[in-house]
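Visitor: Sequence:
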Amino acid sequence: MKRKLEEDEEVEDEIYEEDDEEEEQQTKQAEPSKVPARQIFLSGFRSATEAQIREFFESCGGITSMSNKQGKVKGVYKREVVLCTFKKDKAVKKAIALNGTPFLERSIKIGSNTEPIHPPKQAEGSERVCVRNLPLNISTIQVEKMFSKCGTVVFVRFVYNEEKQFRGFCYITFKGTTGMPIKKALDLDGAEVGGREISVTKAAGKNRTFPSI
Numbered sequence: 055m056k057r058k059l060e061e062d063e064e065v066e067d068e069i070y071e072e073d074d075e076e077e078e079q080q081t082k083q084a085e086p087s088k089v090p091a092r093q094i095f096l097s098g099f100r101s102a103t104e105a106q107i108r109e110f111f112e113s114c115g116g117i118t119s120m121s122n123k124q125g126k127v128k129g130v131y132k133r134e135v136v137l138c139t140f141k142k143d144k145a146v147k148k149a150i151a152l153n154g155t156p157f158l159e160r161s162i163k164i165g166s167n168t169e170p171i172h173p174p175k176q177a178e179g180s181e182r183v184c185v186r187n188l189p190l191n192i193s194t195i196q197v198e199k200m201f202s203k204c205g206t207v208v209f210v211r212f213v214y215n216e217e218k219q220f221r222g223f224c225y226i227t228f229k230g231t232t233g234m235p236i237k238k239a240l241d242l243d244g245a246e247v248g249g250r251e252i253s254v255t256k257a258a259g260k261n262r263t264f265p266s267i
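Numbering (the working numbering), first residue to last: 55 to 267.
All clues given are correct.
Derived Cβ-Cβ restraints for the label pairs, each shown as a range: (1) 105 / 206: 36 to 44 Å; (2) 161 / 231: 41 to 49 Å; (3) 153 / 231: 42 to 50 Å; (4) 142 / 103: 23 to 31 Å.
With a Cα cut of at most 25 Å, we get these calculated SDA-like pairs of lysine to any residue: (5) 203 / 193; (6) 148 / 101; (7) 199 / 124.
Since the hints were derived computationally from the structure, they do not count as laboratory data.
These figures come from a predicted structure and were not determined experimentally.
Don't be surprised by glycine CBs; every beta carbon is placed ideally from N, CA and C.
Make the full structure from the sequences, and use the hints.
Guide: Structure, rendered in structure tokens:
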């Protein structure tokens, strides 16, 4: 149980790092971009540098661009979907043929990307809650609708495992810093959703202590 909590906290740290960067830049929601031609997705690894990914696909052909699904270019990608664009069609075919092969001691998923990049938005002032034990077939739209009565929902971030499967918990960001949206959201703790009793807690900051279990 403690190990699972530590994994969840590690995921939360990564989410906070991304959100903090967005908040510093005061990023606004942008229109989704068109899907570039000859773009593939790569997922299923724990951590990989840009250099390691480029080296893995070196035999396929040169990668012209690389980013995560929010369009952010990073030196290190951790447990996320990476989008790689190639110059030639034959390079894409060779890359997709590597689907299921080992990469950094893990079997990875590779396929043709069909989803446009959606740059995330971040409120200038915001606060977050963590919702656990959600039904695995629930959608972000359903979660947003449920919590919209608590306050203005900026975005809902689902947490996925390395196989791109929903893990049953998410983080919800509300606009503002009054504390009222959080208070109302916490009132939903224990509510039944899809036959499950959900858990709603205030998302912790980076300085935390683990409970004794």
